[in-house]
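Trainee: In case you want the letters, here they are:
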Amino acid sequence: MREIILTVARNEKIARGTYRMELSGDVSDITSPGQFINIKLDGFFLRRPISVSDVDCDKGVMTIIYKVVGAGTEYMTTLGDGARLDVLSGLGNGFDADACKSDALLVGGGAGVAPLYMLAKALIARGVRVSCALGFGTAEEIFLADELRALGCDVKVATVDGSAGVKGFVTDATDGSEEYIYVCGPEPMMKAVYKKSRADGQFSFESRMGCGFGACLCCTCKTVMGYKRICKDGPVLYREEILWEG
Amino acid sequence: MGRLNVTLCGIELDNPIIPASGTFGFGYEFAEIYDINCLGTFSFKGTTKEPRLGNPLPRVAECASGMINSVGLQNPGVHKVISDELPKMRKCFHKPVMANISGFSVDEYAYVASALDGEPDIGWFEVNVSCPNVHKGGAVIGSDACASADVVRAVRAVTKKPVIVKLSPNVTDIVSIAKSCEDAGADGISLINTLLGMRIDKRTRRPVIANVMGGFSGPAVFPVAVRMVYQVAHAVGVPVVGMGGVSSAEDVVEMMLAGATAVGVGAANLVDPYACKNIINDLPGVLDKYKIGDIKEIIGGVKNG
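Top to bottom, those sequences are chains A and B. Numbered per our numbering, the first sequence spans residues 2 to 247. Numbered per our numbering, the second sequence spans residues 321 to 625.
If we strip away everything but chain A, and leave its shape as in the complex, we get (with noise of 0.2 Å):
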């Protein structure tokens, strides 16, 4: 974890209520996909937990892929080119990319679609073939299905409305029968995902965090290894390690 200075370099809407926004500055301290930046905003007192769709270390660029479910985010989106963030960045355990060693399926959920564009390219490093299965409400909330597609994924899109891809849930849009599966997205999805796929993987959680490095106890969870922080521990769990609850 470091405290750094990122600048806006861009700020954009992609898709109904979704938006992307480069910061450019010192990206290293992000080392793996799935890890998170939290966000220091004007006028909010908690720092905003909001995950790394993509690096670009030469350029100094970090993109992140935010939407817009309250008062801080909504106020994310009234950021300007050159305004100056205040970031805790580097923060959570991120996926393993090096744990999937021939076929690996990404199956994201909304927000939860955004880490999933850093971790396919972490796996086409490693030779990885990589598919994806997104799911969306609806046709207007699709987004990086063209950016995944551009990399050579093979991409699937479920929306509840059936108004793009196949009508329904993710889970739709696969069939159980990968090798290795990566996930992230709300917590219903991925436990609809869990139940249906005997593959082994890895999970990303959200939570609603204090402070975001392990301090405040603020977004524990039961695991089969006992208590984890979802912030410090997380946000990745393996799936031999997940409880759900209820």
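No wet-lab data here; the hints were simulated from the structure. Be careful, since some hints might not be right.
Derived DSS-like pairs: lysine-lysine, alpha-carbon spacing no greater than 27 Å straight-line [what the hints assert, rightly or not]:
hint, chain 1, residue 1, chain 2, residue 2
1, B, Lys408, A, Lys223
2, A, Lys229, B, Lys400
3, A, Lys14, B, Lys522
We have chain A already, so just place chain B on it with the hints.
Mentor: Below, chain B alone, put in the same frame as chain A:
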């Protein structure tokens, strides 16, 4: 000694800054980013006899200039604290530490204090009779002068180390509770714990915090904390650790003028992990600004009228 050092219950601190319990773990997360030996001391995560998972999620809510938490005293239990946490802490912190302890009965407080008493790193006990996030013990004890005094006496009986009692602001008359604790043998008083607060999600019409209510902290509570520190410090003869919304060296000076001998920093650590280091670095300049030679001069220095 330098101009920042103070003495808290007979133990010298290099400066009055003490990260508050529950915002600093056992120190090692922060030691990853700075040398925490720059602190006066810190108060470690509230420890109970048995391990506690704590409360259901969500445990945290945003507020104007503050936050609500309802962690519910999550901790691995005193025996794991001794076997696992203190050895990790010892690697990065080499000063006497403040042991924050909690319980659900008088006997449990005494048990935890007794179990920790042999640990040489522990300089002080901070007896938390004010956790708002558990349904028994905690603030239930802290809102009753007699029950608070009973806990102080029980802890006093099992340790020779200084016993500081941490009080809740959610009471009618904090001065009478503080006096009752002093009479029972407390060597110091720390305050304030969090204010009981609540937020409601307008879309779902449910409380944001799963446990419905939680402890409100952050800069918004600073004036309440200054007022209560002032009231208590002027009513008791033992030192006061002032805390509640402190987030700058300016706040530290104000809290000490109100009567604090040392100053806790809580919520600020969670949004700025370097908060305490920065405060310590800023203190000499702020003392200069107000023409203060030695920080000890200002303890309780507020003028009346």
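Trainee: Does each hint fit the structure? Answer for all of them.
Mentor: Results for each hint:
no., hint, verdict
1, B/Lys408 with A/Lys223, "22 Å, holds"
2, A/Lys229 with B/Lys400, "16 Å, holds"
3, A/Lys14 with B/Lys522, "26 Å, holds"
The structure is consistent with each of the numbered hints, conforming to all of them.
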